[in-house]
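Visitor: Chain by chain, the residues run as shown.
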Amino acid sequence: MEHGGILVNRTIMLPTSVDEAVEALAATPGAVPVAGATDLMEAVNAGRLRPAALIGLGRITELRGWRYEDGGTAVLGAGLTHARMDRPDFAALIPALADAARTAGPPQVRNVGTLGGNIATAAPTGDTLPVLAALEATATLARAGSVREVPISHLLTGLDPLRPGELLTWVRVPLLHAPQVFLKAGGRSGPARATASVALVLDPARRAVRCAVGAAAPVPLRPLEAEAWVAGCIDWDARGEEGAALIDPAALAAFGEYVAGACVPDTGLPGEGPGSAAARLRRTVSVLARRALGRALK
Amino acid sequence: MTSATELPAAAPAEPSEPFGLGSSPLRTDALPKALGIYPYAADLWAEGLLWGAMLRSPHPHARIVSVDTSAALAVPGVHAVVTAADLPPGPDGTPDGAPAGPIVADRPVLAADVVRHHGEPIAAVAADHPDTARLAAASIVVEYELLEPVTDPEAAFNAPPIHPDGNLLRHLPLRTGDPEATGEIVVEGLYQVGRQDPAPIGAEAGLAVPRPDGGVELHLSTTDPHGDRDRTAACLGLEPDRVRLVVTGVPGATSDREDLSFQVSLALLALRTGRPVKMTLTREESFQAHTSRHPALLRYRHHADAEGKLVKVEAQILLDGGAYADVSAEALAAAVAFSAGPYVCPNVFVDAWAVRTNNPPSGRMRGEGALQACFAHESQMDQLAARIGVDPMEIRRRNAMATGDPLPTGQAVTCPAPVDALLDALTESPLPALPVDDPEADWLLPGGPGGAGDPAAVRRGIGYAVGMVHMLGAEGEDEVSTATVRVSGDHATVICAAVDSGQGFATLARQIVQTVLGVSEVYIAPVDSDQSEAGPSARGRHTWVSGGAVERAALMVRHQMLQPIAADFGMSVELLTIADGKISSYDGVLGMPVSEALEGRELWATAQCRPHPTEPLDENGQGDAFVSIAFCAMRAVVDVDIELGAVRVVDVTVAQDVGRALNPRQIEDRIEAAVAQGVGLALLEDLRTEGGLLVNPSLTGYRLPTALDTPDIRIASLVEERDVVATFGAKAVSAVPAVVAPAAVAAAVRAATGLPVGRLPIQPEDAAVA
Chain X
1 MEHGGILVNR TIMLPTSVDE AVEALAATPG AVPVAGATDL MEAVNAGRLR
51 PAALIGLGRI TELRGWRYED GGTAVLGAGL THARMDRPDF AALIPALADA
101 ARTAGPPQVR NVGTLGGNIA TAAPTGDTLP VLAALEATAT LARAGSVREV
151 PISHLLTGLD PLRPGELLTW VRVPLLHAPQ VFLKAGGRSG PARATASVAL
201 VLDPARRAVR CAVGAAAPVP LRPLEAEAWV AGCIDWDARG EEGAALIDPA
251 ALAAFGEYVA GACVPDTGLP GEGPGSAAAR LRRTVSVLAR RALGRALK
Chain L
1 MTSATELPAA APAEPSEPFG LGSSPLRTDA LPKALGIYPY AADLWAEGLL
51 WGAMLRSPHP HARIVSVDTS AALAVPGVHA VVTAADLPPG PDGTPDGAPA
101 GPIVADRPVL AADVVRHHGE PIAAVAADHP DTARLAAASI VVEYELLEPV
151 TDPEAAFNAP PIHPDGNLLR HLPLRTGDPE ATGEIVVEGL YQVGRQDPAP
201 IGAEAGLAVP RPDGGVELHL STTDPHGDRD RTAACLGLEP DRVRLVVTGV
251 PGATSDREDL SFQVSLALLA LRTGRPVKMT LTREESFQAH TSRHPALLRY
301 RHHADAEGKL VKVEAQILLD GGAYADVSAE ALAAAVAFSA GPYVCPNVFV
351 DAWAVRTNNP PSGRMRGEGA LQACFAHESQ MDQLAARIGV DPMEIRRRNA
401 MATGDPLPTG QAVTCPAPVD ALLDALTESP LPALPVDDPE ADWLLPGGPG
451 GAGDPAAVRR GIGYAVGMVH MLGAEGEDEV STATVRVSGD HATVICAAVD
501 SGQGFATLAR QIVQTVLGVS EVYIAPVDSD QSEAGPSARG RHTWVSGGAV
551 ERAALMVRHQ MLQPIAADFG MSVELLTIAD GKISSYDGVL GMPVSEALEG
601 RELWATAQCR PHPTEPLDEN GQGDAFVSIA FCAMRAVVDV DIELGAVRVV
651 DVTVAQDVGR ALNPRQIEDR IEAAVAQGVG LALLEDLRTE GGLLVNPSLT
701 GYRLPTALDT PDIRIASLVE ERDVVATFGA KAVSAVPAVV APAAVAAAVR
751 AATGLPVGRL PIQPEDAAVA
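Note that the protein sequences, when read in sequence, are chains X and L.
Quick note on numbering: the first sequence equals residues 1 to 298 in full-length UniProt numbering.
Quick note on numbering: the second sequence equals residues 1 to 770 in full-length UniProt numbering.
Simulated from the structure, these hints should not be mistaken for laboratory data.
Treat the numbers as computed from the prediction; the structure is a model and nothing was measured.
Glycine included, each C-beta is placed from N, C-alpha and C at the ideal position.
A hint or two may mislead.
[Claimed, not checked] Covered, in the sense of this in silico footprint (three residues per stretch, anywhere, with C-beta under 8 Å from a C-beta of chain L), are these stretches of chain X:
| no. | stretch |
| --- | --- |
| 1 | 153-159 |
| 2 | 186-197 |
[As the list claims (entries may be wrong)] With the Cβ distance kept under 7 Å, some of the chain L side facing chain X (calculated, not the full set):
| no. | residue |
| --- | --- |
| 3 | E643 |
| 4 | R703 |
| 5 | L708 |
Just chain L, same shape as in the assembly (with noise of 0.2 Å):
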């Protein structure tokens, strides 16, 4: 474990860029990226490349009877057409094509017997032209016999199996206390949330060029590169190594990036032809492909004491899991874990199911699992502060989460939980100025410019949310990564498989490196399979995992730098320090360039970091799980026009425990995207079914919000309690903002029009008053 051993001081006084940890610079690729010059996936190119397509299912439910790919492969250009048929059984031989999945391999690549939800992959195809590979792949005959599709994941249950697994992806009850503790204040609520999709900004796109020796390699923006490579090898039965994923272009992903059917079926393709494929999915197959987050139901019943002290906690919590397991279970677990919210409460009783259903998949999604209870027991809370006549700030004083206060799983939480820390900061923060004090704000009522909305209709409202979710991986997953640092002449270079979806990892291994070596020229090599493994970009791991293990190569290097000069002049290690490029004595008696110190030679060290591990929850849903936990306190201030109920929100306001601000502006930045994010699942994004068919899968129909539609986002604080444990004691950001969010607007709605609110994303008629 990484201690919190004091770095040496090596900043400069005043740095002429920003320099090392504590500073704020600027991504590598933000320029490109804003100037519309940043190569994404879709812009691969190599000489002689065929073009790929996929056909995929129209039904959200049907027994494939046979598939007639001889049309396609008629078309002239057309060089390969690939199904289920053509890659290797799965491991017990099922006849799905070949089984997999992030965790649970219940997932056919090409689906052959059955297909299970709507745009589910059946078969691919490489032509000479896009056009005519779209055109090929519509021309294969697949004959369906439709099955009732199971859509309403309470139906489930009893449904007829829609996979050989079952309809249960994990049932997971949480007992702790007594069942039949009472409080004087009952209140109970019904919650609803959607589907949210990551929507990324870049498509599915990736280009595979056939090797020599037999394999393949793919050059995608996946986030997981060697899980990536790992399960392609596997579908296609090839050693691992003769796979290799090169990531490129990442767009920024808060969800998984890639899909194993698109990979898959694309290495499928350029073994099969032996020339490089290409293949970009349509906006609409992306919303088809992707995972999105668990749509969640979730019944409530809060027990609390006069004075509004948390006795009992009782839950229900039902996540649709779509057609395929993914991380449903791991989604499961945080919610069940979190189910209560940072209060403490002796009495928990949690019955939590995910179920599969014909639904598109659900999958990892910022805060998966935590999100949907936070809006549950977030509204619980103001509805019990409603009930005793006390303002929501103050119920949630009255049984806010400390350090060292257990989890409903008996699980103690020893990092900082400064919940009071981040309710003073928003206390304290001045509200957003009313509409009538502020006349350039006329147009920015509720319905946005052109809108119909009138000032004597608008309401404000205020609203509070307090969330928290884990960090690292949960329940026993092995959390390791590697990295290697190299030093050579006057900079560094980190070779680190750590995949920056934009959460920031490239610009923090850099400021590491800066800050322990004392270099400023820092290069992060692109990142591909072949590297020692890192692990997946997910919730935010990669700063603790791959921050400390970057960090701990880092010292191994300057040791091995420091070592022959200490030892040349009687003195420790300890008592140098590198700072510009130099070496110097605390004395100030040696002085020496590191170029020199390194006589001509390169530095190398590779080293890892694996946090402590964590247990599987038990049978009453206790055990130690988890592994940290950063938590966020949010106000959303709204407007609605109660005729129409058009709702804007005018401001939301943060404090969040950061654990230490490694890089204060790459953390506002994260948390206005997740502040975005979450005003988007409380208002707009939800992408709707029809008996499992997609309705809107289209920018049109999906509505992200737009910078009219987000908010003034302000942080009143960054708590920095360093959590020891911890890669610099630094928690994960970009989550945690995006738990709250939903909650604190669907509060501020609540505040403003008087109306209950169960449902996410907020509709007109829910916040319209008759």
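Next up, chain X with everything else stripped away, as it sits in the complex (with noise of 0.2 Å):
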């Protein structure tokens, strides 16, 4: 803590604009954007985090809602809640994103926590994040006279991280127009943070599968292999006939054990065998993995 005063005196900013926050960005370093605050304030509480200055982004309402781009694409506001997203019409549009959006928390959580404070926080449990791997959004990063654009994969791996003065105001997710699935597995009924979390989306146009596996790692994690393989053994041109069998049941189990290995590898350390936490947390996601094509192929 800064020496002589104990008490630091704090800022606090509320902009009603993208501009005006990115302007407010850029005139106070060491700034710290809020939007829910459900995970920030939790680090101000406990003490990890004393921001010099604040900058509430709850009044900017051009972020809280979507719109559409190109007719394929849908673009997400930052400030997104997840209550939101778990609302009927937005469910319609991405129905994996809507799911994540449910578990996310109790509902005191998901009526103020945001799809961009999720991704901005980057927890390894973040449901939401999974979901946008599979999606292979991307993020709008806005700071004082430039855009750019980002895989939401390449900002949670730090291969592109957030740069000092950038505010992330949208999100770009891909309309596929089919089925889409998360699945989660935590602790207990209730709201829990996920053992493992799995993201699984079909994309007909391109005949291909997408999945992401969550909390299994620091971040979500693509079992591109696995994907490409079964995008193989799936019979695209049944789909919408009645009573078809899309995929033979041992492909699904095969899929399931394949991301499995991909996203959990067996080091064959000692401590390693059967009954590990990574044993354990291999065929919990080979479970979720499975049954998530099996939903999505239903």
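Make the complex out of the two chains shown on their own, each in a separate frame, by following the hints.
Guide: Set out below in structure tokens:
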């Protein structure tokens, strides 16, 4: 803590537009943007974070909704709350994201916690993150005078991190008009942090399956080889036909194993035997991936 | 002893509001708590108050080389910093701060030379702002010499002593019958119980106000005002009457409230600064400060004959007492005495130990000791049933204890032991619908809404358990409570220092006075330590001891009131009744309002209730150590996703021995609360440690059951067989469902998966079929 005075004279700014917000961010180094504050205030209360200034994003109404672009993309405001994403109109648009938002915590948290906050906090257990990774969503990062577009996965892995003065404003998600599934294993029936989660989306136009595993690693993992392999096992032409088997059940199970093996590698180290934490996680991921694909193809 | 005297039938035929015993008036604090306007201790305020904060050990075991508080004192706004050096030395001059503890005085208020668990307090600070106090506490420089923590209770026996009192808190052997006896069927098991925390809704908070006479007044949500007053005064070197505890804002407690370090430090800061000091613990500190349930390791061997009749029970029980003794000795006695469960067994051989480790201290929590044993003996009974091929209910019936049967301690169970009736009630209770019959339940698959549950992988299991727990203090503890009843005008007042910790004592006291005196308006005075002593709120003892004291005081007032009237009319007091605020004679000739009979006087009476004494268990675990025992039988129905190991408890049906239902609705509430807590222990709640360090001291990491995790809880029967020695024949109801529920859930998971399930809480890997 600072010498002399214990309490920092903190500033709170409440911009009403993205432009005002990025200007405030540029003008106040060390300022922290805050939306729902469900993660941020926990850190502040625990003394892990003492922001010099806060930029409240709650009044930027344009970021609290979404719009369409080019007919094939939804542009989601970073201020979209989990509760809003869970509503039927949004669920019809991006079902997996709605499912993830629904499980993201108790109602009090979902009412204020935002999509942008989930990405910025980048917790390994962030529920929307594997969905965004599977959807290959991109983030719009605005700073005074410039805007750039970064894949969410690059942002999360640190390949292309948020730079000083940048504000996460929009998230672009392709509209696939095909089944999507988000499955989460948590510790209880009530809201809980994920022990593992799987997001899986079908992209029939490209005859592709995209899958991401959450909570198994610090960032969502994509089992690219498993995706490519299983896309070849699916009878894409049978889609929509009554009672058609789209995939051999054995392939479903193999896909589960494939995903689990890719995302929770068997290191062969001692302590990695059956019954170890890694083996249990592998098993959970395998079941989730198998069920997710099974439901998507049902 | 309170006799089972018939009380005057005072209740009006059609009471407009619930009135008297047997009715179900609402708790007076229910609405404020539900509406969020109830003042908790953290809401206390005094003009000019300072804020307290504590410095806690980041290590589970370390020698304190030096403590330098100068940096903290130099922080502007800091008014006082106290350490063990500011406390008078302990009785034998120990350099360890002032030792204190509920039973054994082995726990320093502030650590001086050694810290023995993660979060042990070392210093306390008072400052003009809570942030200042916390930052100042953090700036205290403590030099530690790290010591190897003893975290495995099995290793504690041979580890270097953690404490001058040694690592063995108690060894209690129990030997009864023929050690050579053997049965045709032998089943063995190893059982493990994790660390459940009371995780109270309100974290510890309080306000200390210095008094002009050099004493201090503490406003806290204590559940043992006199015990805490005496210990606090002793630690401060003050006469007990210089310390006053005012009970405020009790949030509902399933364990002892408040910890001594907290309240002594608070009082010391107020005395040192001469100003009111308020302190509220963070959730993390709260997990560190209060005691939790004893983790246990139990090894059992049951011998039975071919019909499944128990021949011999052998057990080894190890309780992890954590760093300090607290009530470990008492918990161990319950574990040993109830080690064979509510069954008759002629030969019982148990060795039980409570040991000291560098883990968080264990203490009182609903059914301490009895719960751990119940999980083990019920798991054993299920194994026996499976081995001889009978229904789990049948094996229990064949061995069920009845009134008059002996406990393994040699004590005859003289109170009602309606185990058979409980089992019958469960058998007759219908099972819940299967999910296929209830499409609405689709979203209630294991794993919860949005979870990954797959109906094809879900198996249903049904499990049974029966358990028992003692009421009142055991092994010679002096059980006594005092209450005063006052009648004036048309209302009565009860003054009794029994804290309503959620068990409903305040409501019960009101009902008792209504029944005895016929007045409907009964006020329960707020509790403070200037009142007569009523003892701690634990084991549901207040229903008996304080309820008994209130009844007697009310009867004395009644006698005083009716005596002159009876004399005037030349009839005995027994021929007069009081109802609806009116006194009437048996023949209806006389009718007089109570207020007229009082003639503007106030009538007061004070009475005590002291149940018959108990004796300590001897070197063979024999003795009449308990006063009375409550029984409960439970059926749990679970759905298990056998691939993911996710468990959902669908339904818990309870049959309970309540003696007499004094407030049926409150009993149902208490059973529901206890079952929820038991389900939490069975599946979720575990305060984990790694190398003695707490891993999950937050309500995110420590998973409490939510509404979605709590099953439908149904009461098959409240068996009312009056306990003739107990007040109104009633038994304590809150603890025994918590004792039985974990065992019932484990049995159901076993039935669903076919897996052994030897530990609580049940982890997904224990319920996933490979």
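Visitor: Could you run down the list of hints and mark each one as holding or not?
Guide: Here is what the structure says about each hint:
1. Taking a C-beta to C-beta cut-off of 8 Å, the stretch 153-159 of chain X contributes 0 residues in contact with chain L, too few for the three needed, and the coverage statement is violated.
2. Using a Cβ-Cβ cut-off of 8 Å, 9 residues of the stretch 186-197 of chain X lie near chain L, which meets the minimum of three, so the contact claim holds.
3. At about 5 Å, the closest approach between the beta carbon of E643/L and any beta carbon in chain X falls short of 7 Å, and the interface hint on this residue holds.
4. For R703/L, the interface hint holds, the least distance from its beta-carbon to any beta-carbon of chain X being 5 Å, beneath 7 Å.
5. A distance limit of 7 Å between C-beta atoms decides the matter here; for L708/L the minimum to chain X is near 4 Å, and the interface restraint holds.
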